[in-house]
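Undergrad: If you want the building blocks of each chain, they are given just below.
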Amino acid sequence: MEAVQHGDPKAAEELLPLVYGELRKLAAAKMANESAGNTLQATALVHEAWIRLVGNQTKQWDGRAHFFAAAAEAMRRILIDKARRKRAVRHGGAQLRVDIEDVDVSSPTPDDQLLAVDEALDKLAAQHPRQAELVKLRYFVGMTVQEAAEVLGISADTAKDYSAHARAWLFREISRQAPERRAPEA
Amino acid sequence: MNLPSDREAAIFNTARRIPPGERAFYLEGACAGDADLRQRVEELLRANEAAGGFLQELVVL
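One line per chain: the protein sequences are R and U, in this order. Residue numbering for the first sequence follows my numbering, beginning at 1 and increasing consecutively. Residue numbering for the second sequence follows my numbering, beginning at 1001 and increasing consecutively.
Everything labelled a hint here was simulated from the structure, so no lab data went into it. By construction, the Cβ of each residue, glycine as well, lies at the ideal position given by its N, Cα and C atoms. Check before you lean on any hint, since a few could be wrong.
[To be verified] To give an idea of the chain R side of the interface with chain U (calculated C-beta under 8 Å), a few residues:
1. Gln131
2. Val135
3. Arg138
4. Tyr139
5. Tyr162
6. Ser163
7. Ala164
8. Trp169
All chains, full assembly: derive it from the sequences and hints.
TA: Spelled out as structure tokens, the structure:
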């Protein structure tokens, strides 16, 4: 953690398993009663993990940024694993015939959206790495645009613009992958 | 640092704030003959219009 505090970038990689382990423990304890408040709980988890790993001495900026990048990635993996397990249960259950009129394909469940965003995110990261980092912090960790901007070292205005670009980019990508999932055009 | 991909973001964000009728003129100049870039930005602008409630977490009012 000291190396991370002093801005050692390699330390962030080594930090990931540590953060992951801590978040898994916290997630197991807290996510039992989760409902739709996924992202709110995610923020609380990350902050709690930070306190446990580093204590209250949040002085070094580089350390904090690296921690949150690692935490966002760890949170993403926890949430995706969970969503995949739930989806496997839904799809692997009894082979019921579903009347197609009963299925609202234009409104994906939060889990469906989570999984679709996750798939598209690696592609976004390859072309627009800052935007992908921003999405992880805001969508998987639930940070405000101001908090995410501070972590990434950009202005709030830039973060807002990156958010808009990322959102349009992801919507376009996900619409391509699964056109039947697209929300009805206004 | 100005990566080519940031240029797409910058043009998109400027264009989305311009009235639709004036966008073509702006894009003509900003994309400067890069047809691929122009097409990507136009697709993003359409996606921006159609996104509705998608990823509301990323929308800042």
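Undergrad: Does each hint fit the structure? Answer for all of them.
TA: Do the hints match the structure? See the list:
no., hint, verdict
1, Gln131, "7 Å, holds"
2, Val135, "7 Å, holds"
3, Arg138, "6 Å, holds"
4, Tyr139, "5 Å, holds"
5, Tyr162, "7 Å, holds"
6, Ser163, "4 Å, holds"
7, Ala164, "6 Å, holds"
8, Trp169, "6 Å, holds"
Checked against the numbered hints given earlier, the structure satisfies every one of them.
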